[in-house]
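S.K.: Work the whole structure out from these sequences, hints included.
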Amino acid sequence: MRGLRFKINEIQEDFVQNYSGKDNVNYGCSMRGAWRALQCMKNDVAIVIHGPKGCNNEFKLDYEDTIAKTYCTEMTENDVITGGLGKLEKLIFDLDKRPDISLIVILTTCTSELIGEDIDTLLQNLKNKTTKKCFVLHTSGISGMVQSDGHNMVISNLIKKYTSKNNEKIKNSINYIGYSWPFDHRAGRDMHELNRILDELGIKLNGVYTSNLGFSEIKEASRASLNVVRCPGSAYGTINFMKENFNIPYLKLPIPVGLKNTTDFFSKLIDYFGLGNEKKQILRSYEEFVCQKLSLYKEILKSKKACVAVGANRTLYLVEALLELELEVKVISFYRIHETIGDSVVKIAGKTFENLERLRQRYNLDCEVLVYSDSKQFYDSIKKNAVDIVFDVHTNRKMIHNMGIAFSESMDVEQPYHFYYGFLSLAETLTKELNQPFYKKYKEFCR
Amino acid sequence: MVKQIAIYGKGGIGKSTVSSNTSAALGFLGKKVMQIGCDPKKDSVKLLLNGRKIISILEYLQEYGEINDIENVVKSGYKGVKCIESGGPEPGVGCAGRGIILSIETLKKLGAFSWDNDYIIYDVLGDVVCGGFAVPIREGYAEEIYLVVSGEFMSIFAVNNICKCIKKYAMNGSVKLMGLILNSRNISNEEEIVNMFAQKINTKVALKIPRDNRFCKAEIAKKTIIEMYENSDLAKLFINFAKAIGNSENSQNLIPNPLNDDEIYDLYKSILEESNERIKI
Ligand SMILES: Nc1ncnc2c1ncn2[C@@H]1O[C@H](COP(=O)(O)OP(=O)(O)O)[C@@H](O)[C@H]1O
Ligand code: SF4
Ligand SMILES: [Mg+2]
Chain D
1 MRGLRFKINE
11 IQEDFVQNYS
21 GKDNVNYGCS
31 MRGAWRALQC
41 MKNDVAIVIH
51 GPKGCNNEFK
61 LDYEDTIAKT
71 YCTEMTENDV
81 ITGGLGKLEK
91 LIFDLDKRPD
101 ISLIVILTTC
111 TSELIGEDID
121 TLLQNLKNKT
131 TKKCFVLHTS
141 GISGMVQSDG
151 HNMVISNLIK
161 KYTSKNNEKI
171 KNSINYIGYS
181 WPFDHRAGRD
191 MHELNRILDE
201 LGIKLNGVYT
211 SNLGFSEIKE
221 ASRASLNVVR
231 CPGSAYGTIN
241 FMKENFNIPY
251 LKLPIPVGLK
261 NTTDFFSKLI
271 DYFGLGNEKK
281 QILRSYEEFV
291 CQKLSLYKEI
301 LKSKKACVAV
311 GANRTLYLVE
321 ALLELELEVK
331 VISFYRIHET
341 IGDSVVKIAG
351 KTFENLERLR
361 QRYNLDCEVL
371 VYSDSKQFYD
381 SIKKNAVDIV
391 FDVHTNRKMI
401 HNMGIAFSES
411 MDVEQPYHFY
421 YGFLSLAETL
431 TKELNQPFYK
441 KYKEFCR
Chain Z
1 MVKQIAIYGK
11 GGIGKSTVSS
21 NTSAALGFLG
31 KKVMQIGCDP
41 KKDSVKLLLN
51 GRKIISILEY
61 LQEYGEINDI
71 ENVVKSGYKG
81 VKCIESGGPE
91 PGVGCAGRGI
101 ILSIETLKKL
111 GAFSWDNDYI
121 IYDVLGDVVC
131 GGFAVPIREG
141 YAEEIYLVVS
151 GEFMSIFAVN
161 NICKCIKKYA
171 MNGSVKLMGL
181 ILNSRNISNE
191 EEIVNMFAQK
201 INTKVALKIP
211 RDNRFCKAEI
221 AKKTIIEMYE
231 NSDLAKLFIN
241 FAKAIGNSEN
251 SQNLIPNPLN
261 DDEIYDLYKS
271 ILEESNERIK
281 I
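Chains as they are written, first to last, in my numbering: chain D, 1 to 447; chain Z, 1 to 281.
What the hints contain is simulated information worked out from the structure, not anything from laboratory work. Treat each hint with caution, since some may be false.
Claimed, not checked - Some chain Z residues near chain D, calculated using beta-carbon distances under 7 angstroms: (1) GLY94; (2) CYS95; (3) LEU102.
Stated by the list, open to error - When the alpha-carbon atoms are kept at most 30 angstroms apart in a straight line, the in silico BS3-like pairs for lysine-lysine are as follows: (4) D:LYS398 <-> D:LYS384; (5) D:LYS53 <-> Z:LYS109; (6) D:LYS432 <-> D:LYS298; (7) D:LYS90 <-> Z:LYS108; (8) Z:LYS108 <-> D:LYS87.
Said to hold, decoys possible - Output of the computed footprint for chain D on chain Z, the stretches with three or more beta carbons under 8 angstroms from beta carbons of chain D: (9) 53-64; (10) 86-93.
Beta carbons: idealized from backbone N, C-alpha and C, even for Gly.
M.R.: Following this line, the structure appears as structure tokens:
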């Protein structure tokens, strides 16, 4: 892999071209993506992974009852040889009898796709013998798709199959598309906050695709008067379909992390629906309130050096939020700069470099940028830049802590971090983390 | 030392007929033989068992989960030939290649390859549809390969494809292509075609079997030719072949040189043109 390390003021013309090929896509298992999008739906949804135990391995967490349940056919070598459709059929029949389930979604895996399991025909044959809605998504890792394609397949299939065309639109209402986190997690609080503020502004949240989404809400998706795109990778198929078929336009809004981005997020909605300045006043008073509270945290956060290693789409917004907390962003690292395939690859590569340039110009940002760095480059860079806190995926937490550096999860944090209240909560989380006794002692020891 | 032999060829060409008659002939000569059918058709050893039923390895695994005693999947046939069927899925489902891999691995685990045998014969479905069907010629299994063929185009075509796979293994010396077995279909210029093909791919015709009704009669009686027509010319053919197999040590390392598709067409064209000439004269 061609690791690239440069100062933010050294972005070169050919970077976009060099990093636009299919190889630069954030490959991963689309089954996992689809599973993620499905599992945070309500518990009347059953997910069936048609594959070996291993494909289901990570998904066994016993979430609360609010969340879709996962089942697996646990294909064995014998099923590979003689076919595993019998097992799948039995599982479907069992789930079909359950009164608490209204929708069964089958996900294929590398194993079932490799031997060409004909699930479509099976479902066709079961149509008259079962009562529940049931469909299959061909999500195996080998078909070369990426994780966000899995999200996208889930959302667009749900809507294409089950949303009724004839719903009447609700005035000033939105669908929030491409946000899939379990509701008993941080997302519950973030979504609660979204709902609360929208309410105050006189906007109705029709549904979040797919957090806390129940089967009955899928049917109602066409009631919204606007689709708001949270993650373009997960939403692209759906928003275009809904525009054509339900006449719902879409708006790409900033990720609502930090004051500026949150206010931008709501202001654009206020403007879109023409709700007037008086609603913007509400936002201003939130901002003032948060600013006051922040001063306490800023004392500790001020001038702490941060490394941001999150998805390309989120980098811009998270960096802005951290600058608002007066941290210094010293390293930005991308494992992959694209999350979607196809024509979008070039666009996203361009967008990523454009965003970096915007950050540099707007905030006079002076930092190092890593693209596809290996771990040596990465650790080298955070040491050289004397980074105090790293934003990264949770699997790297131990490694970073072992270096005596504070850590914050970039995505799956326990605490809310979106919108106004989330921003305060983020500031508090970071303050706590930077005050960790171990981290402090280790710093002193190193000195 | 056990000698392991694989017999490949396209479906229906006569692999099982050749395999079981060769096993029977070796048994007749007092050799200890094991025959493993590697074809989802599961009919490789039926003539050796006089139609007695045998449970295949995969059927057994499916039914009972594991095989504790190898005796459960081995049956003793004509002249003590140990008969095994790997088995496979119903047509159109699952993965037969994976089935072969699992069967061979299971036999290995159960120690079947360290038995006191003089010969192990693998009867393998022909068109090397995937990696699984190449397992019998991977390192540690069959070292000598015979290809059953007739003069028909598709049969030559299939065997040529198998040669592409054999070549890979033959290059590093782990297998040898011992020759073609011409199982006649009585088509015109058949011997000429097969001889010329053998020459072109750098091998020889090791055995010629005539088209003969006795094969059909023996099949209906559920017997091999060796058992049913012990003193016949046909039986002698297989007994001589069995003896020749025993003497094959001296043969050099034979690496096939498969043709490309055009070359196969050209081969047929040239023979047909020549025979037209002859007819004119
Ligand atoms: N030389 C031959 N003459 C007449 N019939 C033959 C001859 N060789 C094979 N057969 C018949 O052809 C059929 C297919 O042979 P089989 O050995 O089962 O093929 P394979 O194992 O290659 O699928 C059988 O019915 C067999 O009796
Ligand atoms: S085997 Fe394939 S489907 Fe299963 S988890 Fe891995 S990539 Fe995904
Ligand atoms: Mg056969």
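S.K.: Would you pick out the hints that fail for this structure and give their numbers low to high?
M.R.: 7
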